[in-house]
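Novice: Once you've looked at the hints, dock chain B against the given chain A.
So the protein sequences, as listed, match chains A and B. Under the working numbering, the first residue of the first sequence carries the number 857, and numbering increases by one thereafter. Under the working numbering, the first residue of the second sequence carries the number 55, and numbering increases by one thereafter.
Fair warning: there could be bad hints in the mix.
[What the hints assert, rightly or not] Lysine-lysine pairs mimicking DSS-like chemistry, simulated, CA-CA at most 27 Å apart:
id, chain 1, residue 1, chain 2, residue 2
1, A, K915, B, K618
2, B, K864, B, K880
3, B, K893, B, K818
4, A, K915, B, K622
5, B, K299, B, K220
6, B, K241, B, K220
The hints are simulated quantities; they were obtained by calculation from the structure and are not laboratory data.
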Amino acid sequence: MSMKRSSLFYCHQQSGAGFTEHQGWEIPAFFLSPEKEVAQVRDTVGLSDQSYLLKFDLKERPMQGRWLLGANHYLLMGEPPMDAPLGAIDVSSVYTSLRLAGPRSRESLARLTSVNLSDSALPNLQCVQTSVAHAHAIVMREDIGSTLAFHLLISREFGESVWESVIHAGREFNLCPFGLTALRLLHN
Amino acid sequence: MKFYFREKIVEAKQGDTIAAALYRNGQRIFSRSFKYHRPRGLLCVSGKCPNCLMNVDGVPNVRVCITPVCDGMKVSPQNAFPSLELDFLSITQRLDWLMPVGWYYKTFTHRMMWHVAEPTIRKVAGLGKVLSSENREYEHIWMHADTTVVGGGWAGLQAALDACGKGDQVVLVDDQSVLGGQARYRKSAGEVPADLIRRVESHPNVHILRDSSCFGLYEDYLLGILQRNPHPGALERLVHLRTGKVVVATGAYETPLLFPNNDLPGVMLSTGVLRLLHLYGVSPGKRAVIVGSSRAAEELSVELSGTTIEVVAALVPEQVVSAIGHGCVRGIRTLSSVIACDLIVVCGPRVPDVGLSAQAGGNLAWSEVHGAFLPSSLPPQVSVVGEANGEGVTGVGAHLPLSKRAFVCFCSDVSSQDLCDATAEGFDHIETLKRYTTATMGPCQGRMCQLSAIGVCAHETGRSTAETGVTTSRPPNPGVTLGALAGPRHHPIRRTPMHYSHEKLGAVWMDMSDWRRPRFYKTLPTSEEKECVLAEYHAVREGVGIIDVSTLGKLDLRGADCGKLLDKVYTHRFSDLRSGRVRYALMCDEGGIILDDGTIARLNDDRYFVTTTTGNLEFVHQWLEWYLVGTAWDVHIANVTAGYAAINVAGPNSRAVLGKLTDCDLASSAFPYMTCREAEVARIRVIMLRIGFVGETGWEIHCPAESAESLWNGLLQAGADYKIRPFGVEAQRLLRLEKRHVIVSVDTDALTNPYEADMSWAVKIDKPDFVGKAYLANAGADTSRERLIGFVLTGSGLPADGAAVVVDGKLAGRVTSSRYSPSQEKAVGLAWIKPAQAKEGACIDVRVDGKLVPAKVTMQPFYDPQGTRLRL
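With the rest of the complex left out, here is chain A (with noise of 0.2 Å):
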C-alpha cells in the first residue's frame, strides 16, 4: 500500500524537504538540519506540517485531549495509533494541520487572522474558530513547554494557500519550516 500523503507533500517536495514515513505517512523529516530548526523555533518562530495527527469530532465531551468547539461540539486531537472513542467522527482527513511555534508566532498569525490572540484571550489549551488567510481554521493554543505555539486546523483544500501564506506572513522574522526530528527534539 502507497503512503499517505498530506496537502502539501508537492509543496514540501519543492521546498527540498528530506521525507519520512511516519504512521503510514510520508511526511518532512528535516528541511535544513533538525538543529538550525531548533534553533530558530526557540529563537523567531517555525512552521511545521502535521496532517498526520488523528482528528475526531464529537458532540460529547471526552475524557482527556479535548477541544470545545462550541456548544455539545468538541474535537479530540492526538498522536496516532489512538482508538476513536464512542460516538466520534474521524475526521482526521478533513483537516490540514500546521503547527506554528516560537517567540514570534503569535505576531507572524496576527497578519492574517482578525482574531485577538493574546494571553488573556486565547491562554494555552484553548481554542477559537476563525479565518486565517481566507479560511476557515480552528486555531488552537498548544505552547512546547514555555514556547509559545499554536495548531491551525484548515480544511485541507486550502492547505497549500495557507501554508504559504503563514511562510510569507513570517518572513519578518525569517519563519523556516520544521519537520518532524525538530518536532521531537522541541518536545524533549
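Specialist: Chain B alone, transformed into the frame defined by chain A:
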C-alpha cells in the same frame, strides 16, 4: 548615506528625511501644483500639506518631508515637465481666467466635448502616475488593545501612562518617528521630560507604533492605521486595531495665512521652519520676515534667537500686501514698503485635529475662546485630550486677505476668489462649496484649507463661523495607498488531493469559485478543446473514463434519528431507505424553491452519507443544523468534504477496471444501480456509490484524501488496457445534458419549484411534514407556470446559454444549457418555456446567432431514455 534625485546623487545625514536632505542641498521647489503648475516648496514639513509629493522608488505621491532617506533610493519629482524649475505647463496660471471655478461643468456642456478634452486634461492636471508595483510588499496586521492613544505628544504620553496605571494594555500611535510631539522642536511648548518618554517606552503594557498615521475610526472602535516601513521587507503595513477606548491626543496643526503669492516656495509655516532647524539642522533661510499676530511673532522670535536666521521684520497679517518672487521668495510687499527677504515665516491659526472624534460620532462646535471647532459631545469610549481639545489654543479663526488672489486650497489650486465666485453662484453652504470647488478634498483633506474656506464662506454669506459650520470628516484621512488596503497577495485556492496528477495529465483549469477543476485535459500541446472534450466523451460512452468530483460537498450523519431529520429537510423520504441503498435528494425552502440536490446513501442503520453540490455545502450543513435545533433528535453531523476525495469511474468498461483493484462483487446482481458499499479498492478503505450522473455504468468512489492520489493513479494504471481517460467538467456537462440531468442553479433559478423542473417524482407529498410541503401541496396543480423541458434542434447551429425561445413570433422562454450531442448528432438543450408548449413533440424556435432555428420539445432524456445503460 546617498540617494538619487533626478539621477543625481544627493548626500544625506543620518536621520534625514528626503525633504531635509534636498533642502540642505539647495532644492527649493518640491512640486508643481495640480492645476496651474505653480512652483511649491516645503510648507508644513510634517506630512500634512500636499507640497512635497514625489515619486520614491516608483511609488507616486510620497510625502518626502516625513520619509526617511534609505541608501540608494531613487527620488523623482512628478507633475512637472521638463523640470521642477522650468515647467512648460506653468503657462496655465496665465490662463486662469479661462478656467474659473466649476469650469468643467460650465465648459463641457456636451458629453462629446468631455470625451475630446479628457485625455488632454488628464495629462495636464493630476498628481503622480501609478506604475506597476510588482515588487512592493504591503502587509496587514490585526491588533487588540484596551486603550489606544493617538498622538505621541505630551498629552498622549500622559494619557498612555494614566491608562497603564489602570492596568490597561495600551497602544500608542504616533505619526512621527520619535515621540514627544511639538516639544521636540519648540521651546515654548514646554519641555517634555525625557523621563516621561522613557517611562512610556519601557512600560511593559505599552506597545508603540511609530511612523503610523491613524486614518480612520470605524464601528466598534476599530482603528485603521497605516505604518510606514514597518520592517525592511515591507513598504507599508495596515494595522487593524480593535480597541476598548480611544484617547485622541492628535494635537493641533498650523494652517497658512491668506495673501497673494502665499504659496511661493520660501513661504513656510513657523512649525515647518522650526522642524527643519531643530530636527534636521537645516537652515531654512537667512533673512526672514515673520507674519502673524504680535504675540505669535514674539514667541517665534524667541525661538529663532540664537539661530542662523536673521529676523528682519515682524508683520501682522493685515499689513501684508503680497509675497514677491518668481520661483522663490525675494521679498514681501507691505502697505508701506517692500522688505527684501528669502524666507517668510507664517504663524498661522492653530487648528485642533479632531477628525477622529468626529468620525466616532462626536459633534463639533465652534468655540470663540479658542478660535476653533472643538468636540462638544463624544461617544462613551472616546476622549480628547491636550491641544486637540483646545488646551492652549487661542485664535480668532481665519484671517481674510486684502486681495482675493490668495490660495486657500493648495491641493487643487482654489483661490479665495474662486470661493467667493462659487458662493455668489449659490453654492453658499459649506458642504456644497466643498463639492463645487473641491477645496478640502485634495491630498491634505482640508488640513491646510478648511479653516480658511469656512472663513471665506462665512464672510461672503454674512454668517458667523458657528453658523457656517464645518465639513464632515470621513475616513480615510490622511489618504491610504491602495496597495496597503489590498494587502499581500493571498488569494486562497482550493485544490483537490489529485491536483498535481491533473497537472501532469495536461489539465486546463477552470475556476469554480475558489476551487480549481480540470475543464478538460490537453493530451497534446496542439490539441483543441473541442476534440479533447469529444475524445473524453467517447471514452465514457464507449470505454471508461474517470473524473475527479472531490469538490462535491460531503456530510457524515450519525445517530438513530438521521432519517427523521432528512425526511424533514429533503423532499424525498429517507427514513425508509434500506442500508446499502442510495436515493436522489432534493431540498426545497419553505416556499418550495429548489435549494440544492445530491445523493444520500445509507451506509448502515445509524449512518447516512450525504453529498451536496459544490457551492452549497456550507449552506446545506447550516440548514440541517438549523432544523436540528430544539428537536432533541440523536443526530451528529460532520462536514467531511475535504476528508474524502471522490472519483467517478464511468463507462461500459468501468466494472472491468474496478474489478482489477477490488474483491468487492461488482456484478449488477450483487451491486445494483443506486446502492452503496464500504469496500477496499487498491487496498484503500472507500465508500462506493453506484450512481450515474453521466448515464453509464459507474461508481462514485469516496476515499480518504491522503490516499486519493494513489487511488487515482491506480485506476489509470488498471484501466490502461481499456484506454481509460480522465475527463473534465466540460465533458461531464455534455454527458449529463444528454441524460437531461439538471444542475441546480444552472438550469434552475431562485424561483424554480420541483414541479416546474419536472422532478415531481422526487417530492413525497404524502410525508407528514417537510420543509416546503405547505406550498408544494398546491403547486403541483398549478399549470400556469413555466416548465423546464428538453429540446432537440432540428436545424443546424448551437444556441448560446440564455438564448431566446420563440413561438409564433413571440418570446416564449429561454435556454439554460445547450451542447452539441454526439449521440443525437444535433444540438440539444434544456429550456424554460410557457406551459402550452411543454408537450412531447411540440415545435418551438430557438434563436441562434440572430436567426430562428426550429426545435422539437421532448420530455425524455436525449440519450438512453429508459436508463438501461445505467443498470448494466
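Novice: Hint by hint, say whether it matches the structure.
Specialist: Going down the list of hints, with the structure as the test:
no.: 1; hint: A:K915 <-> B:K618; in the structure: holds, 19 Å
no.: 2; hint: B:K864 <-> B:K880; in the structure: holds, 24 Å
no.: 3; hint: B:K893 <-> B:K818; in the structure: holds, 24 Å
no.: 4; hint: A:K915 <-> B:K622; in the structure: holds, 22 Å
no.: 5; hint: B:K299 <-> B:K220; in the structure: holds, 13 Å
no.: 6; hint: B:K241 <-> B:K220; in the structure: violated, 32 Å
In terms of the numbered hints stated before, the structure departs from hint 6 and from no other.
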